[in-house]
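Protein sequence lines correspond, in order, to chains A and B.
Quick note: the first sequence uses the numbering used here, first residue 8, plus one each step.
Quick note: the second sequence uses the numbering used here, first residue 306, plus one each step.
None of these hints come from the bench; they were simulated from the model.
Please note that the accuracy of each hint is not assured.
Across the chosen pairs, the derived CB separations fall in these ranges [unchecked claim]:
hint, chain 1, residue 1, chain 2, residue 2, range
1, B, T408, A, N56, 27 to 33 Å
2, B, Y410, A, N354, 24 to 30 Å
3, A, T458, B, P460, 28 to 34 Å
4, B, Y428, A, G67, 18 to 24 Å
5, A, D70, B, G558, 49 to 55 Å
Note that the Cβ used here is the ideal one computed from N, Cα and C, for glycine as well.
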Amino acid sequence: MTTANFIESIINPVGRFKTLDTIYPTLDAGGSPLFYTTSKTIVFETRLNERRYSLSILTGYSDSEQELIRKNCLAQQIRNIPSLAKVRYLPKELLVFDSDNKPCYFDVILQDITDTSELHVYMRKNLFLTDRRPIRNALTAITRLASSLHDNGIIHGAISSRTIRLSETDGSSAFLYDTPLILNKNHEKDTASLIRMAVMLYLAGCQPKLSIMMQGIDLCKPETFSFYEKYILAAAEFHGVRPLENILHALHENCHANALTEIEILSNTPFESTFPLLEKLLVECCDAEHMEIEPCGTYYESNLKDINTDNSIRVDWDKCSFVGKTSHNLIRFKQGELWGFADKHGNKLPLNNLIDADDFYEGRAVVATTEGYGLIDSQGKYIIKPSFEDMTWWGKENVVTAQVYGSWNMLDRCGNVISKSSFDWMGCFSEGLMLVRRHNKYGFIDKNANTIIPIIYDYASDFDGGKSSVIYKGSEYLIDKNGTRLD
Amino acid sequence: MYTAPITRKQKAAIILLIDQSGSMQEIINFQRSRMSKAEAASYFANLLIEELINRSRRNDGVYDYFDIMVLGYHGEVVESLISDKIEFQPISRLYFKVVASKTHYIERKIPNTDNYVSAAVSYKCWVTPKAEDSTPMFTALMQCEKAAKRWSSRPEHRNSFPLLVINITDGEASDSDNMMLLNISERIKSISTADGNTLFFNIHLATSEDSEQIVKFPSLSEKLPENRLTQLLYDMSSTLPDCYNDIISEIKGNLCTPPFKAMCYNCSGEDLIKILSIGSVSLDKTI
């Protein structure tokens, strides 16, 4: 499956969704769907019943991972935590055709985009007129974590960098929603604490956090990863945010005093390292999937030794009266009265009774038998049977001129006639044009056999420096490549 | 080896070489359609570019996970098909480049029903088909070697996923013999980052009469089509590292023994894209 296969289904939703009958994609100005990818999902922005949803197609998860995600989504729905997005896991929802036209069904997660801005709503209510730096630091940390989770294919449900726009390091761009609100540069300790709390609550209130850890651990190989040790460490790290859950609980219960005590604790906690163990864990999980490989050796040397084992088809170069240069790895030779082609090891092309042969150019060569001239490919097969009275291969232009019963025609490299009518005579290409004669009049055609300069002249020379000398109705003059008279 | 995650700070690079010689004018069966080899090659290139762009799309834009170079070769010319100069382009630049797009319509049968639906499929055309003159494959590979060395030796790419070189051709080099091609292929394959050697893929577009036959990533013992050029391209191609074994076994769908060669005969492009997913787990910590 390529992303193009998924885009096709989203752009043409009719008949492609099992239950989401009326869903349609949000398109950009160029008519392309808005989407982004992670290593294991493609996430489209869609609309359903006039609401915005992100539609995550699970493209790279194993069955067991999908089952875990499904359970997480279900648990998230049941918990109905306000700071979390509403998600629906829809198994075998989307029909996608692969490049062989084979239908496949994919599980999707439908997530209400509007709900994911809860953090911003919270901040809007509580944190206006604050110093922007701690917010930026905090949100940067979240976004990093979100990105790390996404890139490892872990669907978090609550954390998405989509919900938070990252500011540039130079501070040129602020946040997606809150720019006008984050104006005051005064740094206040309590505000910073609140921000930390908001951020940590956002994380702590997410879908069962230990499940996330388990999910990460499932991805790695038991023999290369110390499951229990890391699990305990990670769990310990998450225990570090236990006070946050207490704060959340206290706030919900309107116990502000308790909440403020916890906030005080948190305000003394350095925030820079969000979840270093988690990130380390993810990196290690990823690394554990890779294996060392042996560098490949000099395999082709041995192949070369085996090339020429059958001596009966070899050419004895000493008996050849002519041995040409190598062209397309083939050497033209003459042995007795007959011509042939062989590679440098002397292996002959399977051609018999050639009374004439030209060198190969761009995979084709003209040869002659007693039957006539023909065109061969570099495997020695006839592309044009040897039945013509004369023939020239114009390799650069990729065409053949051939004569039969006195008439000349132009053919392509596969032997298809491309000239609309035949000529009495055909010259050679000069500066892209071929001099031809029909009914004793001369003119020029191009490599597609189109007439470029009408066949009306009593005489014409090849082009040289963009000029040809012609005689027309008794007067001789020069013409250019458009047929325009120059003097 | 071959485990480096692809991030914005640790990009991957792909060099696509496209044979544009006259022989690419020949018509073949490709993707259930009749088209010239040149059209098939450009379709392949456009599909690959689009896929790389799509995979680099994050929610706030296209991240530069990939550098890409597309070289066309014909006559005495080796030229970049996506920029004025022969140089790598960050993938985001291709995303923003204004190019023509084509739309075609296909019919899909909805499974377990008698219903057919029509689907519009659009694709962008960064690379247009061309077929003329001879095949300077050796010269193109020399350019490729130069670019690959330059890219791999840059400090920021020292730990990157190794460079991928993909050569799409019908195998008729006009400026060299087999030994020269094998030698330069070996040189290209020896260019490395800390994560491994350059992987050299060859996509052989078959001649008309053989074009029904498809060979994907043959194993070392697998029988190839009886075609001297196929054997040459097979010898030029990398032996794929073990991390590709599972996905290739899945693609081939039959009992096959690794290791596999980085070579396809009439491959559609999607299969190559599938195996490119190896190493593209992006652990982006740059933000």
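Which earlier hints turn out false for this structure, listed by number in ascending order? 2, 3 and 5
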